[in-house]
Amino acid sequence: MNTSETTDSPMVGGEWIRRDGDLVALTISRCRSCNSSWFPPREICSTCASDNVEQTVSANHGTAYASTVVRIGPTAFEPPYVLAYVDISGVRVLAHVDADEALVPGARVELRVGKIGSDKNGAFSSYLVAETAGGAR
Numbered sequence: 004m005n006t007s008e009t010t011d012s013p014m015v016g017g018e019w020i021r022r023d024g025d026l027v028a029l030t031i032s033r034c035r036s037c038n039s040s041w042f043p044p045r046e047i048c049s050t051c052a053s054d055n056v057e058q059t060v061s062a063n064h065g066t067a068y069a070s071t072v073v074r075i076g077p078t079a080f081e082p083p084y085v086l087a088y089v090d091i092s093g094v095r096v097l098a099h100v101d102a103d104e105a106l107v108p109g110a111r112v113e114l115r116v117g118k119i120g121s122d123k124n125g126a127f128s129s130y131l132v133a134e135t136a137g138g139a140r
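Going by the working numbering, the final residue of the sequence shown carries number 140, and the count climbs one at a time with no gaps.
Don't take every hint at face value.
Taking lysine to any residue pairs in the SDA-like style, the calculated list, with each CA pair at most 20 Å apart, reads [what the hints assert, rightly or not]:
| # | residue 1 | residue 2 |
| --- | --- | --- |
| 1 | K123 | P83 |
| 2 | K123 | M14 |
| 3 | K123 | P13 |
| 4 | K123 | E81 |
| 5 | K123 | T78 |
| 6 | K123 | V15 |
| 7 | K123 | G76 |
| 8 | K123 | P82 |
| 9 | K123 | P77 |
| 10 | K123 | F80 |
| 11 | K123 | S12 |
| 12 | K123 | A79 |
Pairwise CB distance ranges, derived in the manner of DEER restraints [to be verified]:
| # | residue 1 | residue 2 | range |
| --- | --- | --- | --- |
| 13 | D103 | T78 | 15 to 23 Å |
| 14 | G109 | V73 | 17 to 25 Å |
| 15 | D90 | Q58 | 13 to 21 Å |
FYI, nobody ran anything at the bench for these hints, they're computed from the structure.
It should be emphasised that the depicted structure is a prediction, and the values quoted were computed from it without experimental measurement.
Positions of the beta carbon are idealized from the N, C-alpha and C atoms, including for glycine.
With these hints in hand, go ahead and build the complete structure from the sequences.
As structure tokens, then:
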């Protein structure tokens, strides 16, 4: 699967995606009261219920926590496809993976934007991750 091309298709979650040239990051929130972090961002902390929350930008890279190949799923996502939980800047994000096989835990990944599926209206994109050349730690 090669989904990492930049597309002009509709963007799922586009309000949370930050792009600076080829670098991609996500808007996350951090609680100033208890230091919890969240994605997608929120205005009230789910840990301590404080509204003392700031919006910040994640790193553009992280580490795979767990990954799987989805063989039966919504047709819009064109199974089989790979999903992974990825740790980035203190949050655990569920992301499509630009790969044909599941990532090993600890694999280093970077954020990208690319096609994650299509429906009757055409292709749609979002953030996704791809393994970096460094591989697992």
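Need the status of pair K123, E81: alpha-carbon distance at most 20 Å? Since the Cα atoms of K123 and E81 sit roughly 13 Å apart, the hinted pair holds (cutoff 20 Å).
Confirm or reject the claim that D103 and T78 have a C-beta distance inside 15 to 23 Å. This hint holds: roughly 18 Å between Cβ atoms.
Regarding the pair K123 and F80, is the alpha-carbon distance no greater than 20 Å? 12 Å, holds
CA of K123 to CA of V15, is that 20 Å or under? The hint holds at about 15 Å.
Does the Cβ-Cβ separation between G109 and V73 fall within 17 to 25 Å? 21 Å, holds
Mind checking the alpha carbons of K123 and M14 for me, to see if they're no more than 20 Å apart? 15 Å, holds
Measure nothing beyond the straight line between the CA atoms of K123 and S12; if it is 20 Å or shorter, mark the hint as holding. 13 Å, holds
Sort out whether P13 lies within 20 Å of K123, counting only the CA atoms. The hint holds at about 13 Å.
Can you let me know if the beta-carbon spacing of D90 and Q58 is within 13 to 21 Å? 19 Å, holds
20 Å limit on alpha-carbon distance, applied to hinted pair K123 and P77: 13 Å, holds
Hint consistency between K123 and G76 [alpha-carbon to alpha-carbon, up to 20 Å]: Judged against 20 Å, a Cα distance of about 17 Å means the pair holds.
Given the hint that K123 pairs with T78, does the C-alpha gap stay at or below 20 Å? 11 Å, holds
When each numbered hint is compared with the structure, no violation occurs for any of them.
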